[in-house]
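Chains as they are written, first to last, in this note's numbering: chain V, 2 to 306; chain G, 62 to 606; chain L, 3 to 326.
Just so you know, the hints here were simulated from the structure itself, not pulled from any lab data. Don't take each hint at face value.
[Claimed, not checked] Ranges of calculated distance between the beta carbons of each label pair, as one might list FRET restraints: (1) G:411 - L:136: 53 to 63 Å; (2) G:253 - L:300: 36 to 46 Å; (3) L:60 - G:253: 23 to 33 Å; (4) V:127 - L:77: 27 to 37 Å; (5) G:411 - V:269: 26 to 36 Å; (6) L:108 - V:190: 29 to 39 Å; (7) V:100 - L:60: 41 to 51 Å.
What you are looking at is a predicted structure, and each value in this text was computed from that prediction instead of being measured. Don't be surprised by glycine CBs; every beta carbon is placed ideally from N, CA and C.
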Amino acid sequence: MNRLDKFRQSFLWYSFKRDKVAIACLLVLLILVLTAIFAPLIAPYNPYDPEMIDIMNSEIPPAWEAEGGTEFLLGTDSQGRDMLSTMIYGMRISIIIGLGAVALQAVLGVLIGLFAGYHGGRLDAFFMRAADVQLSFSYLMVAIFMSAILQAVVGVAKFGEIAIPFLVLVIGLSQWPQYARTVRASVLAERKKEYVEAARVAGFTSSRIILDQIFPNTLSPILVLSTIQVANAVMSEAALSFLGLGMPIDRPSLGSLINSGFELIFSGAWWITALPGLLLVILVLSINMLGDFLRDVFNPKLYKG
Amino acid sequence: MLSRWLQGLVSSATGFAHIRAGLKSQEAIGMKKHFMLTLLLVLALTGLAHAKTLKLAMDADPVSLDPHMQLSGGMLQYSHMVFDPLVRWTKETTIEGRLAEKWERLDEKTVRFHLKKGVKFHSGNELTADDVIWTVNRLKESVDFKGIFEQFNSPLKVDKYTVDIVTKVPYPLLVSTATYIFPMDSKFYSGKDDKGMDKAAINKTGYSFANDNLSGTGKYTVSERQQGVKVVFEAFAGYWDKESPGNADKIVLTPIKNDATRVAALLSGDVDFIMPVPPQDMDRIEKSDSVKLVTMSGTRIITLQLNQNRVEAFKNPKVRQAVVYAVNNAGIAEKLMKGRATVGAQNSPKGYAGHNPDLTPRYDLKKAKQLMKEAGYEKGFEVSMVAPNNRYVNDEKIAEATASMLGKIGIKVNLKTMPKAQYWDQFDLQVADIQMIGWHSDTEDTGNFFEFLLMCPNKETGYGQYNSGNYCNQEVDSLALKVQAETDEVKRTAMLQKMEKIAYDEAAFVPLHWQDLSWAGKKNLGIESIVNVMNFPYFGDLVIQ
Amino acid sequence: MIAFMIRRLFQALIVIFIISVIGFAIKQSVGDPVRELTGISVSEEERVEFREKLGLNDPWYVQYGRFFGDAIQGDLGTSFFYKRPATEVILEKAPATLELVFVSSLIILLFSVPLGVFSAIKPDSLFSRALMGSSIVGVSIPVFLTAIMMVYLFSIKLSWLPSYGRGELVMLGGWGTGLLTLDGWLHILMPSVALSSIMLPLFIRLIRSEMMEVLESEYIKYAWAKGLTHRRVWFVHAFKNTLLPVITVGGVQLGVTIAFTILTETVFQWQGLGFMFMEAVERSDAPLLVAYLMFVGIVMVGVNTIVDLIYGLVNPTIRIAGVK
Numbered sequence: 002m003n004r005l006d007k008f009r010q011s012f013l014w015y016s017f018k019r020d021k022v023a024i025a026c027l028l029v030l031l032i033l034v035l036t037a038i039f040a041p042l043i044a045p046y047n048p049y050d051p052e053m054i055d056i057m058n059s060e061i062p063p064a065w066e067a068e069g070g071t072e073f074l075l076g077t078d079s080q081g082r083d084m085l086s087t088m089i090y091g092m093r094i095s096i097i098i099g100l101g102a103v104a105l106q107a108v109l110g111v112l113i114g115l116f117a118g119y120h121g122g123r124l125d126a127f128f129m130r131a132a133d134v135q136l137s138f139s140y141l142m143v144a145i146f147m148s149a150i151l152q153a154v155v156g157v158a159k160f161g162e163i164a165i166p167f168l169v170l171v172i173g174l175s176q177w178p179q180y181a182r183t184v185r186a187s188v189l190a191e192r193k194k195e196y197v198e199a200a201r202v203a204g205f206t207s208s209r210i211i212l213d214q215i216f217p218n219t220l221s222p223i224l225v226l227s228t229i230q231v232a233n234a235v236m237s238e239a240a241l242s243f244l245g246l247g248m249p250i251d252r253p254s255l256g257s258l259i260n261s262g263f264e265l266i267f268s269g270a271w272w273i274t275a276l277p278g279l280l281l282v283i284l285v286l287s288i289n290m291l292g293d294f295l296r297d298v299f300n301p302k303l304y305k306g
Numbered sequence: 062m063l064s065r066w067l068q069g070l071v072s073s074a075t076g077f078a079h080i081r082a083g084l085k086s087q088e089a090i091g092m093k094k095h096f097m098l099t100l101l102l103v104l105a106l107t108g109l110a111h112a113k114t115l116k117l118a119m120d121a122d123p124v125s126l127d128p129h130m131q132l133s134g135g136m137l138q139y140s141h142m143v144f145d146p147l148v149r150w151t152k153e154t155t156i157e158g159r160l161a162e163k164w165e166r167l168d169e170k171t172v173r174f175h176l177k178k179g180v181k182f183h184s185g186n187e188l189t190a191d192d193v194i195w196t197v198n199r200l201k202e203s204v205d206f207k208g209i210f211e212q213f214n215s216p217l218k219v220d221k222y223t224v225d226i227v228t229k230v231p232y233p234l235l236v237s238t239a240t241y242i243f244p245m246d247s248k249f250y251s252g253k254d255d256k257g258m259d260k261a262a263i264n265k266t267g268y269s270f271a272n273d274n275l276s277g278t279g280k281y282t283v284s285e286r287q288q289g290v291k292v293v294f295e296a297f298a299g300y301w302d303k304e305s306p307g308n309a310d311k312i313v314l315t316p317i318k319n320d321a322t323r324v325a326a327l328l329s330g331d332v333d334f335i336m337p338v339p340p341q342d343m344d345r346i347e348k349s350d351s352v353k354l355v356t357m358s359g360t361r362i363i364t365l366q367l368n369q370n371r372v373e374a375f376k377n378p379k380v381r382q383a384v385v386y387a388v389n390n391a392g393i394a395e396k397l398m399k400g401r402a403t404v405g406a407q408n409s410p411k412g413y414a415g416h417n418p419d420l421t422p423r424y425d426l427k428k429a430k431q432l433m434k435e436a437g438y439e440k441g442f443e444v445s446m447v448a449p450n451n452r453y454v455n456d457e458k459i460a461e462a463t464a465s466m467l468g469k470i471g472i473k474v475n476l477k478t479m480p481k482a483q484y485w486d487q488f489d490l491q492v493a494d495i496q497m498i499g500w501h502s503d504t505e506d507t508g509n510f511f512e513f514l515l516m517c518p519n520k521e522t523g524y525g526q527y528n529s530g531n532y533c534n535q536e537v538d539s540l541a542l543k544v545q546a547e548t549d550e551v552k553r554t555a556m557l558q559k560m561e562k563i564a565y566d567e568a569a570f571v572p573l574h575w576q577d578l579s580w581a582g583k584k585n586l587g588i589e590s591i592v593n594v595m596n597f598p599y600f601g602d603l604v605i606q
Numbered sequence: 003m004i005a006f007m008i009r010r011l012f013q014a015l016i017v018i019f020i021i022s023v024i025g026f027a028i029k030q031s032v033g034d035p036v037r038e039l040t041g042i043s044v045s046e047e048e049r050v051e052f053r054e055k056l057g058l059n060d061p062w063y064v065q066y067g068r069f070f071g072d073a074i075q076g077d078l079g080t081s082f083f084y085k086r087p088a089t090e091v092i093l094e095k096a097p098a099t100l101e102l103v104f105v106s107s108l109i110i111l112l113f114s115v116p117l118g119v120f121s122a123i124k125p126d127s128l129f130s131r132a133l134m135g136s137s138i139v140g141v142s143i144p145v146f147l148t149a150i151m152m153v154y155l156f157s158i159k160l161s162w163l164p165s166y167g168r169g170e171l172v173m174l175g176g177w178g179t180g181l182l183t184l185d186g187w188l189h190i191l192m193p194s195v196a197l198s199s200i201m202l203p204l205f206i207r208l209i210r211s212e213m214m215e216v217l218e219s220e221y222i223k224y225a226w227a228k229g230l231t232h233r234r235v236w237f238v239h240a241f242k243n244t245l246l247p248v249i250t251v252g253g254v255q256l257g258v259t260i261a262f263t264i265l266t267e268t269v270f271q272w273q274g275l276g277f278m279f280m281e282a283v284e285r286s287d288a289p290l291l292v293a294y295l296m297f298v299g300i301v302m303v304g305v306n307t308i309v310d311l312i313y314g315l316v317n318p319t320i321r322i323a324g325v326k
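Just chain V, with the same shape it has in the complex (with noise of 0.2 Å):
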């Protein structure tokens, strides 16, 4: 039985099948990555190509506004640039910096919180109470205070060509806790079990117990989580975006587009607020419902908060 085969006989792909929501939401999903992933083959114009901006174009409404024009389907933003191309490329970065940062903060938290949870002991408490702190004070501060220093320290004139590498690292390293927790949770659970026991038994060193045995276990609570992460990461970029604290004007995402149209919102230009936001909203709620599928699906425990 290969593995297509044992996919199709399981639980997940069962319920996937019956659940008409899901596979809605995952064909949106997989349309809105597919456009981000071959931007340059799907949007109209190259929003950062300078050939293809004429300021004379600016504030273009959508082309079914009376004022529209088919050249631009979705209008266009102050600066002449086409919005659907903007906004697919604006996707594109803000799904690079969610997927970045939760492959980050996944590889921090699980290994810590492996660790931390098989060990016990002072590292336990140690990162655990670090992750109290951390929490307590919510991933958005942290990352506000931690864009500041590190704009200051990289200086401000650099700092466009490194944005991207930067919001993923400000987002993946303020969010570790939630997977440390995670994972020391299922961990605690494991320890106990006689494989594991039988193992140490049998001579394993430790760390071959926890990546070997312990790690498989703790994958669905991950997966989950992971879900959610994605989410939440791209809300947050779009949060500090929105704050001046993201991605550079010539550069944005989804929430630098959002917060160079508010200004424009109450002079009518509504589109180049609304369109991106609405984009947004699409994206985080399609991986949002997918989490909650998973979640029915696996029903795993997770760290509430």
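Given the structure of chain V, go ahead and fit chains G and L onto it with the hints provided.
Using the frame of chain V, we list chains G and L on its own:
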């Protein structure tokens, strides 16, 4: 409006309470009725008396009550409300007397000012020549103002109401500089306060007597102040200027930093007057029935400086010209500024002595590419650029637009924008190859632009302090120095215009535009007659119909 | 109990010390306040002199020593912008934020409990399903977007509600409250709803899932078997047991809420700590930034301690000394 409606509901509810209370005792009804009528009458009368309150929203409120604490538009605006200057600018950029009744030039270095008699400070003290002398001496102590008053000696008292203001060298701009002299109440600000500190002390970062207390000769006193939240100005009963038509008895100033929110507050009737007005909302305000918009061409030029010390290519005038030709500043003025700016090709706006009418904007992409080719930079190069994001109207968007315009001639720009508090530091360090700066001449004269922006940077003389392009031309420098002492207007004008021409030909900097000044308010306000290019509406003269 | 309190206090001190170090690092790097304080035509020489006067030219450890020495005495420095002690400014701005958090907590509490309980008791009803559906949409809309949409709709399009500021305030001692005037309530309505927009769905879902879990448990089955009334089982036996996790999460989420006040206050120009914080960042007003950080830190540590104490009271099976 829901809020109005709810307020109405509450007041009628209290009305019911009155009536119900009245019903309890039949005898009391007559009295109650009488009482309520009186109450209504009183309300109506106080309503009338308070009708002349102006609710004002600006982007910021005064940072201190001490007019010498900071030299900024906001503080000068405040000074015009609670202090009065010796002389002030009119709408036509001429100078009119305020506390000085008349003045005459005695020699190249001296102007004699005759003060109005019987002018009272808020404290009740009378304004005398001593106050003027005291104020000028204090200005020379102020970190921010001492630059402007560098040339000034301590003034000489002639008699109680006459004072000679003397400069160290011949100084043609003496009278315009006197617009910065807002006499302070020397008796009020002398001595020790209850903390044992000198009342005259100027402190930028902590407590000082003058930061929290004031006595001026202006129309208003400050009756309530919550920094960053609101300032209430109340008319001073003993104000000297009985001829002023102004009738606003009370001004409530609320700072609303966000442009969109400020406009929304005006349109919803929460405030009566706003300044500045963001260009993107001007059309909407003009179309509105209840409010009006007043604009004037401004005198602050927005420019980009190309740093020749950082980028070899910018040493080549052809490359600099290519940059100027590539920047569609007319497009920026039309689209980003919504036509609410005057396209520039030089520093001096129309009306300035140095304004050279022959210099016209030069956007031409083909020519720009051609120039890049001629200079040998056909393939282009990469540069960094910084700009503020809360200093000038739409500064961030303008920077972004110019960055992509330069991209079209192969100059790849890495742009970073930041709040002004961080910006000027970076500007001084010259962290980027292209830097944005807007400049308004404090003296309303062309020379000032060159002294700060285009003369060769020199730490000792202080010239070229904001010349981050490091443009340096000995001819311009010597002209700029000669102009300072030239009192012959014709010669002076010719020299200033020549300076502009050289800067234009050599593409010393990238001129963008002069942003319009703008104010908006309810239709019943006589805004037109109180505004001026200095952007300090004289609220004391405001007529509310 | 006392041992627990002492331990907590000790931890709090460590946390505050760490915050002070971070705060000081920020102070060093947010930019030069001198530029913000002086006019543009002031010469470089003057600025150097001024910097010297402010002690900004000393080595960083000297500056930190000075900062820490003063901080223990409750002096967090003088705000460059307000020209008053930073603690004083914080205390003046705190009521605005606390009222905002209070009203939005009230909204969360008033709605999440009945809605959460209902959807747990009747999970299959149409209303419950609609509620679950809309709550996940609610979690997915960023706070600032909700706020912008509300301003657009209620202030610009309908002009029902004011879009900025706190409205008319009544001074109660040093506490300027907007909760005693109608105008104040009209002003707080939108910001507090926006602020609660992300927490409310979270709490509804939390209460629902906890309650459902409890309803499945043995002792509830036993209670049913005893023939107790529905009301008694739901509200006395089941709901009481869902409170525990709700309190813990509530404590943790307070931090998130305070972070979100930064976003909400920015959109509504609400004159509270969050607005002040963003302005201080823009103005490089380091003493104020550090004071804000310390203030938030102390509030967090305080709230967490209280949560732990309540936790101990509500759930006697956990000995306080052994918490976590």
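Structure-based check of each hint:
no., hint, verdict
1, G:411 - L:136: 53 to 63 Å, "holds, 59 Å"
2, G:253 - L:300: 36 to 46 Å, "holds, 37 Å"
3, L:60 - G:253: 23 to 33 Å, "holds, 30 Å"
4, V:127 - L:77: 27 to 37 Å, "holds, 32 Å"
5, G:411 - V:269: 26 to 36 Å, "holds, 32 Å"
6, L:108 - V:190: 29 to 39 Å, "holds, 38 Å"
7, V:100 - L:60: 41 to 51 Å, "holds, 45 Å"
Of the numbered hints listed earlier, not one is contradicted by the structure.
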